[in-house]
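> Here is how the chains run, residue by residue.
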Amino acid sequence: MYNFEFEKPATVADAVAALGAEEAQALGGGQTLIPTLKQRLASPTKLVSLTGIAEMRGVSAAGGVVTIGGGTTHATVAAQAGAYPALAALAGNIGDPAVRNRGTIGGSLANNDPSACYPAAALASGATIVTNTREIAADDYFQGMFTTALDEGEIITGVRFPVPEAANYQKFEQPASRFALVGVFVAKYGAGVRVAVTGASEEGVFRWSEAEQALDHDFRSDALMDLDINPDNMIGDMHGSKAYRAHLVKVLTKRAVAAM
Amino acid sequence: MTQVSMTVNGVAASGDVEGRTLLVSFLRDQLELTGTHVGCDTSQCGACVVHVNGEAVKSCTMLALEAEGAEVSTIEGQAAPDGTLNTIQQAFQDHHGLQCGFCTPGMVMSAAALLKENPKPSEAEIRDYLEGNICRCTGYHNIVKAIMAASGQDVSAIAAE
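Line by line, the protein sequences are chains A and B.
First residue of the first sequence: 0, per numbering that gives the first Met the number 0; consecutive thereafter.
First residue of the second sequence: 0, per numbering that gives the first Met the number 0; consecutive thereafter.
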């Protein structure tokens with residue numbers, strides 16, 4: 000790991016100011032960034048820790064919306080987001096207990112790893128990503144593998160999840176990394192069903208619109224019987240071929256619907 | 000270099016560290032508390048698990064400066080000052096919960112975190128909680144048994160293998 004300066008501000012305003020420095024990088028729980036730094040895949044001159052910002056931590060629920068501070072750990076979401084059970088369950092199955100005690104929802108969404116769990120929940124829920132400068136709809140936020148709508152130095156201060164009538168997340172775990180080989184989050188709202196897929200596509204998390212239409216028409220796993228997803232843009236690697244991932248997308252979507 | 004201060008096993012500790020110094024490096028290299036191990040250095044194996052403000056964390060994936068002002072406990076702080084093992088450590092000894100012993104500090108610290116949050120875990124809950132602790136001797140069976148015993152539960156049901 001190359002050396003860097005370390006700063007740990009106590010407020011969002013101070014963090015934004017600190018991130019104004021050249022080559023400064025925000026640090027959430029560090030469960031992805033620290034391993035990345037060890038491999039020298041990133042070399043910021045300054046790390047600005049967001050873990051000391053009390054205003055960015057915590058879970059609250061009101062008016063059918065669960066709001067989670069950007070610096071809230073997965074363990075806290077798992078324990079306190081009971082108003083949105085599928086979201087709490089997803090958080091409680093990220094990584095392992097020690098990782099969940101450090102990793103944060105804001106860090107996960109800012110990184111937008113193509114195999115991370117939270118992007119699927121945010122996209123399937125039509126969540127709103129709240130930053131220090133604006134609010135971004137999940138549909139506009141995710142822009143491909145490790146790419147988001149965030150500007151340089153912009154901080155995710157919170158995420159608002161509208162609570163669906165029912166939801167379920169199915170994760171086919173890659174046992175070594177504990178990331179999703181494929182994960183599918185299905186959320187059923189009055190306005191329609193949303194299906195978001197992580198782990199599968201070279202474009203990062205995406206909505207499977209054909210499945211959404213089929214489920215809007217008939218909310219049963221059998222409604223997906225005749226659908227197939229094109230494997231061309233799927234990730235193919237030593238852990239699973241493109242065709243294997245495409246197959247998993249369908250299987251996991253059916254399982255999620257069956258579990259709801 | 001920046002000065003970092005924390006409480007480690009109840010004792011005030013401080014030292015000068017770089018931004019990149021990991022908590023595990025501070026514990027091992029500066030405080031000479033070498034009971035906390037570095038296995039994989041990639042946050043997979045859990046040999047480096049310590050408690051920071053009561054929560055289990057992988058000390059190879061946390062910066063020392065992030066622990067400024069924190070209460071840290073390591074494997075060295077588990078036994079009584081006279082060397083008497085705590086309940087979990089004694090159970091690991093009684094049930095042969097270690098073979099080469101490399102993963103043991105992390106296993107004991109994870110077990111302590113589990114039992115704090117769930118004093119009577121089932122066998123399945125123990126196995127699930129230890130997902131991030133890898134024993135390359137594959138000695139999981141007796142580790143699970145030791146944790147069951149440490150929680151005051153009957154281990155005869157899993158004693159057959």
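Hints are computed from structural coordinates only; laboratory data are not their basis.
Each hint should be verified, as a subset may be incorrect.
As the list claims (entries may be wrong) - Output of the computed footprint for chain A on chain B, the stretches with three or more beta carbons under 8 Å from beta carbons of chain A:
id: 1; stretch: 10-19
id: 2; stretch: 25-37
id: 3; stretch: 63-69
id: 4; stretch: 86-97
What the hints assert, rightly or not - The calculated label-pair distances, taken between Cβ atoms and stated as ranges, are:
id: 5; chain 1: A; residue 1: D13; chain 2: B; residue 2: T6; range: 40 to 46 Å
id: 6; chain 1: B; residue 1: D81; chain 2: A; residue 2: E54; range: 21 to 27 Å
id: 7; chain 1: B; residue 1: K119; chain 2: A; residue 2: P84; range: 31 to 37 Å
Just so it is clear, the structure is predicted and the values come from calculations on it, not from any experiment.
Built from N, CA and C at the ideal position, the CB exists for glycine as well.
> Hint by hint, say whether it matches the structure.
These are the hints, each one checked on the structure:
1. 10-19: n = 3 at 8 Å, threshold three: holds.
2. 25-37: Answer violated; 0 residues pass the 8 Å Cβ test.
3. 63-69: holds (count 3)
4. 86-97: With 0 residues in contact (Cβ-Cβ under 8 Å with chain A), the coverage given for the stretch 86-97 of chain B is violated.
5. A:D13 / B:T6: 40 to 46 Å: violated, 26 Å
6. B:D81 / A:E54: 21 to 27 Å: Taking Cβ atoms as reference, D81 of chain B and E54 of chain A lie about 46 Å apart, which means the hint is violated.
7. B:K119 / A:P84: 31 to 37 Å: Between K119 of chain B and P84 of chain A, where Cβ atoms are some 24 Å apart, the hint is violated.
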